[in-house]
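In order, the protein sequences belong to chains A and B. Numbering follows our numbering, with no gaps: position 50 of the first sequence is 50. Numbering follows our numbering, with no gaps: position 31 of the second sequence is 31.
To be clear, the hints were calculated from the coordinates, so they are not data collected in a lab. Bear in mind the structure is a predicted one, so any value in this text is a computation, not a measurement. Every residue, glycine too, gets a C-beta built ideally from N, C-alpha and C. Hints are supplied without guarantee of correctness; some may be wrong.
In silico EDC-like links for lysine to aspartate or glutamate, alpha-carbon gap of 20 Å or less [to be verified]:
{"id": "1", "chain 1": "A", "residue 1": "Lys58", "chain 2": "B", "residue 2": "Glu110"}
{"id": "2", "chain 1": "A", "residue 1": "Lys99", "chain 2": "B", "residue 2": "Glu59"}
{"id": "3", "chain 1": "B", "residue 1": "Lys14", "chain 2": "B", "residue 2": "Asp56"}
{"id": "4", "chain 1": "A", "residue 1": "Lys99", "chain 2": "B", "residue 2": "Glu105"}
{"id": "5", "chain 1": "A", "residue 1": "Lys58", "chain 2": "A", "residue 2": "Asp85"}
{"id": "6", "chain 1": "A", "residue 1": "Lys49", "chain 2": "A", "residue 2": "Glu15"}
{"id": "7", "chain 1": "A", "residue 1": "Lys58", "chain 2": "B", "residue 2": "Glu79"}
{"id": "8", "chain 1": "A", "residue 1": "Lys61", "chain 2": "B", "residue 2": "Glu72"}
{"id": "9", "chain 1": "B", "residue 1": "Lys9", "chain 2": "B", "residue 2": "Glu105"}
{"id": "10", "chain 1": "A", "residue 1": "Lys99", "chain 2": "B", "residue 2": "Glu79"}
{"id": "11", "chain 1": "A", "residue 1": "Lys61", "chain 2": "A", "residue 2": "Asp85"}
{"id": "12", "chain 1": "A", "residue 1": "Lys49", "chain 2": "B", "residue 2": "Glu105"}
{"id": "13", "chain 1": "B", "residue 1": "Lys44", "chain 2": "B", "residue 2": "Glu105"}
{"id": "14", "chain 1": "A", "residue 1": "Lys99", "chain 2": "B", "residue 2": "Glu72"}
{"id": "15", "chain 1": "A", "residue 1": "Lys111", "chain 2": "A", "residue 2": "Glu20"}
{"id": "16", "chain 1": "A", "residue 1": "Lys49", "chain 2": "A", "residue 2": "Glu64"}
{"id": "17", "chain 1": "B", "residue 1": "Lys9", "chain 2": "B", "residue 2": "Glu59"}
{"id": "18", "chain 1": "A", "residue 1": "Lys99", "chain 2": "A", "residue 2": "Glu64"}
{"id": "19", "chain 1": "B", "residue 1": "Lys9", "chain 2": "B", "residue 2": "Asp26"}
{"id": "20", "chain 1": "A", "residue 1": "Lys107", "chain 2": "B", "residue 2": "Glu72"}
{"id": "21", "chain 1": "A", "residue 1": "Lys69", "chain 2": "A", "residue 2": "Glu15"}
Stretches of chain A that chain B covers, calculated by requiring three or more beta carbons in the stretch to come under 8 Å of a beta carbon on chain B [what the hints assert, rightly or not]:
{"id": "22", "region": "42-51"}
{"id": "23", "region": "87-95"}
{"id": "24", "region": "99-106"}
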Amino acid sequence: AQSVSQHNHHVILSEAASLELGCNYSYGGTVNLFWYVQYPGQHLQLLLKYFSGDPLVKGIKGFEAEFIKSKFSFNLRKPSVQWSDTAEYFCAVRHNFNKFYFGSGTKLNVKP
Amino acid sequence: NAGVTQTPKFRILKIGQSMTLQCTQDMNHNYMYWYRQDPGMGLKLIYYSVGAGITDKGEVPNGYNVSRSTTEDFPLRLELAAPSQTSVYFCASSSNRPGTAYTGELFFGEGSRLTVL
Numbered sequence: 001a002q003s004v005s006q007h008n009h010h011v012i013l014s015e016a017a018s019l020e021l022g023c024n025y026s027y028g029g030t031v032n033l034f035w036y037v038q039y040p041g042q043h044l045q046l047l048l049k050y051f052s053g054d055p056l057v058k059g060i061k062g063f064e065a066e067f068i069k070s071k072f073s074f075n076l077r078k079p080s081v082q083w084s085d086t087a088e089y090f091c092a093v094r095h096n097f098n099k100f101y102f103g104s105g106t107k108l109n110v111k112p
Numbered sequence: 001n002a003g004v005t006q007t008p009k010f011r012i013l014k015i016g017q018s019m020t021l022q023c024t025q026d027m028n029h030n031y032m033y034w035y036r037q038d039p040g041m042g043l044k045l046i047y048y049s050v051g052a053g054i055t056d057k058g059e060v061p062n063g064y065n066v067s068r069s070t071t072e073d074f075p076l077r078l079e080l081a082a083p084s085q086t087s088v089y090f091c092a093s094s095s096n097r098p099g100t101a102y103t104g105e106l107f108f109g110e111g112s113r114l115t116v117l
């Protein structure tokens with residue numbers, strides 16, 4: 001079955017550590033890729049998106065992601081996390097007539 | 001600009017009751033969606049709509065119904081509520097029309113937490 005996979009379900013880091021969250025998808029053809037963040041008790045907000053062009057995309061709050069087509073991956077990175085980055089992160093794929101499919105999410109807990 | 005507005009924010013239902021979650025958007029988006037979010041499961045698409053009068057099932061449509069009589073509104077109806085429908089529900093909208101307002105991503109409402117006892 002087609003899917004979006006986030007392999008890290010729960011990540012704990014100390015402040016200033018580097019972050020990389022994995023995302024793989026299995027949809028063929030043209031896809032658009034997104035990372036959303038959900039702070040505790042809030043709705044999902046867009047971090048960054050990839051449609052075409054430079055496979056390294058930069059988003060808000062110092063986040064970036066790299067699209068590797070051959071690996072069907074779109075991993076999220078941040079060089080130095082802050083306590084305020086504590087949240088749940090979702091990878092999403094837009095495919096098949098504007099339908100969006102989400103991964104199961106990764107909870108990030110940053111220790112001050 | 002309000003964006004996507006959902007009501008109610010919280011609701012407790014008894015098994016077998018029915019209710020409607022309201023969703024409205026003021027961005028003139030043609031696409032609207034309903035997702036449910038369960039712990040560790042991410043977001044699952046319940047129903048979506050490509051425009052007024054057109055709706056289609058998503059990944060988990062059983063137990064739900066939708067309608068789209070206007071561009072702005074996309075209510076989600078729960079008939080005969082069951083404990084398995086306890087979840088957080090998110091309405092979202094998107095546009096796929098190229099143009100100056102086209103951004104391509106989903107815009108979410110604040111969510112509605114539903115408990116069925």
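Hinted pair Lys58 of chain A and Glu79 of chain B, Cα distance within 20 Å: violated (43 Å)
Agreement of Lys9 of chain B and Glu59 of chain B with the hint, judged by alpha carbon distance not exceeding 20 Å: The given pair, whose Cα atoms are some 23 Å apart, is violated under the 20 Å limit.
Pairwise hint evaluation, Glu20 of chain A against Lys111 of chain A, where the allowed Cα distance is 20 Å at most: The hint holds at about 16 Å.
Distance restraint between Lys99 of chain A and Glu72 of chain B, which requires alpha-carbon spacing of 20 Å or less: holds (18 Å)
Agreement of Lys99 of chain A and Glu64 of chain A with the hint, judged by alpha carbon distance not exceeding 20 Å: violated (23 Å)
Restraint check for Lys58 of chain A with Glu110 of chain B, where alpha carbons must lie at most 20 Å apart: Measuring from Cα to Cα gives roughly 25 Å; hence the hint is violated.
Hinted pair Lys61 of chain A and Glu72 of chain B, Cα distance within 20 Å: Roughly 31 Å separates the two Cα atoms, so the pair is violated.
Assertion that chain B covers the region 87-95 of chain A - criterion: three or more residues, beta-carbon distance below 8 Å: holds (count 3)
Satisfaction of hint between Asp85 of chain A and Lys61 of chain A, Cα-Cα up to 20 Å: Judged against 20 Å, a Cα distance of about 9 Å means the pair holds.
Given pair status - Glu64 of chain A, Lys49 of chain A, alpha carbons within 20 Å: Holds. Lys49 of chain A to Glu64 of chain A sits at ~9 Å (cutoff 20 Å).
Given hint Glu72 of chain B paired with Lys107 of chain A - CA-CA distance at most 20 Å: violated (33 Å)
Given coverage of the region 99-106 of chain A by chain B, checked by CB-CB distance under 8 Å (3 or more): Our answer is that it holds, as 7 residues pass the Cβ test (under 8 Å) against chain B, meeting three.
Consistency with the previously given hints fails for numbers 1, 3, 6, 7, 8, 9, 10, 17, 18, 20, 21, ordered from lowest to highest.
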